[in-house]
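Chains as they are written, first to last, in my numbering: chain A, 1 to 271; chain B, 1 to 289.
Worth double-checking, as some hints may not be accurate.
Far from chain A, some chain B residues (derived; all Cβ distances over 12 Å) [said to hold, decoys possible]: (1) Gly84; (2) Arg97; (3) Gln108; (4) Gln198; (5) Tyr263.
Simulated restraints on C-beta separations [to be verified]: (6) A/Val92 to B/Glu95: 41 to 49 Å; (7) B/Met192 to A/Ser102: 39 to 47 Å; (8) B/His275 to A/Arg184: 44 to 52 Å.
No lab work stands behind these hints, which were simulated from the structure alone.
The beta carbon of each residue, even a glycine, is placed where N, CA and C say it ideally should be.
What follows is each chain in one-letter form.
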Amino acid sequence: MSAAAAPAAAPAPARARRTAAAWGHRAAPVLLLAALVAAWQAAVTLGDVPAFLLPSPAAIAGEFAEFLPTIASAALVTGTNALVGLVIGAVVAIAAAVLASSVRAVDLLLDPVVAGLAVVPVVALAPVLYTMYGASVETGRQIVVAVAVGVPVFVNTLRGLRQVRPVHRDLMRAYAATPRQAVRAVTIPTALPFVFTGLRLASSLAVISAIVAEYFGGPRSGIGSFITTAAAGSNYARAWAYVLGGVLVGLLFYGATSAVERWGTRGVRRA
Amino acid sequence: MTAPTAAGAAPGAAPAATTTTAAAVQVAGVGRVFPGEGGRSVTALEHVDLTVGAGEFVSLIGPSGCGKSTLLRLVADLDSPTSGSIAVFGRPAREARLGHDYGIAFQQAGLLPWRTVRANIELPLSLHGVGRAARRERADEMLALVGLADFADHFPDQLSGGMQQRVAIARALAERPSLLLMDEPFGALDEMTRERLQSELVRICAETRAAVVFVTHSIPEAVFLSDRVVVMSARPGRIAGIVDVRLGRSGERGDDLREDAAYFEAVTAVREALHGGAEGVPSRGVETR
């Protein structure tokens, strides 16, 4: 709150300086990226690097523009898989964490299961799931995403639910708050930042899992399938164009969950 | 089962509504044993008897581990005694807690960091279903009382430790309790802030006429604030002596009291009671048990 109010109260020159500094912060990584792309282009052109080794940025951009409609629809399919999996996985994981935090037996039961899930290479399950649900539907991929996403969301949520400070617990008891009131007043606000951190970590994982699951078969519809097809057909620049599409989907997910995190934890300032 | 006949006869069954003259806190033969590792239990409190009158300010003082915080938690029904009984305004501690008979403040302010100062003060009121307008009005009064009217919309992390503790006191007083329980509320503050808050607390108590049970480590603090100082000894925690201070009604206690001869006399009395021999202390007003 005061952070937002302070710059407004500052005298104009200081404000201008601070705005300039903020722009500098934003511009620096963009400039770095531009410089790297330029160096990449120069190296490929001057060094006469063959396309199968490293296509030039210009070639990738060309392919990206040419295949934009295909890339967009593939990104939509992969993005939908990631989103469906993320939502299902997060809902199940949060429910399981709530249950584990309130029932000791559930906690003891779930602990080894989650530890097991955490070390299973979940995308490797994709071929099994394709045979179970049919290779022409996206269900298998969405399940892969849900399982991959579940672990970080569960672990973070459970941790958050256990962060309630003893003094707050005493306070709720002293005020004779009902369990429901205590959960609303203390437990949920305490856990929320942890849940959001779990979701942010899970969002990137969701997109990666959705793409990689496509490498193992299933319908030829998403970013991952097109990357393998393009690479198999020696269209290296096109494969990279699809990778770029995948990166954009990942950034979109990360940005969206970060925004949700900021919105959900507004007003909470932690030292 | 025996209700129809016992209603008027049983002496111990006085209904809570008529207990305005009952002591604020009545502790009788209370002990608390914590079961320890490998069967070695720890006796935190043993044979504690204490009565705090309505409107009286009583401090509990003693070395670490003497069970003074445990005693306060028992009165607040945050913990249960293993023996003895505790009554708050004539009813069992549990009923008193469920009836919101007391306000409480801890060493840590324990404010909810995601709520503004105002929303923190309103917390007990909103938990107990007080309407929005009434909550707001009461919060305004409390903010004025603790001198934080300008900080109503700040978040706790934006306040100093002393200011946070004042918010905690305002929260404890929000429901106009007749009993205030305070567990070293100024323990983590610097000496100057501490003295200022002590003076403020004396003023607030004069205004609200609440009884206070105040746990502290500090002899000057206990003497300055209290009508009576209960000195406790450790392992097992018991009451070693009670020093009657009564340096004048809370309304007329000012900062110059800190340089008064009677004040130093009382400080000496408490110190001597703390350092062993409660018996043989020449100072006036020392009851030994």
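Hints and how they fare:
1. Gly84: Answer for B/Gly84: holds, closest chain A Cβ roughly 21 Å.
2. Arg97: violated (6 Å)
3. Gln108: violated (5 Å)
4. Gln198: Consistent with the label, B/Gln198 stays out of reach of chain A, its closest Cβ about 22 Å off (over 12 Å).
5. Tyr263: Holds: least Cβ distance 33 Å, greater than 12 Å.
6. A/Val92 to B/Glu95: 41 to 49 Å: At roughly 42 Å between Cβ atoms, B/Glu95 and A/Val92 fall inside 41 to 49 Å, so the hint holds.
7. B/Met192 to A/Ser102: 39 to 47 Å: holds (45 Å)
8. B/His275 to A/Arg184: 44 to 52 Å: holds (49 Å)
The structure shown violates the earlier hints numbered 2 and 3.
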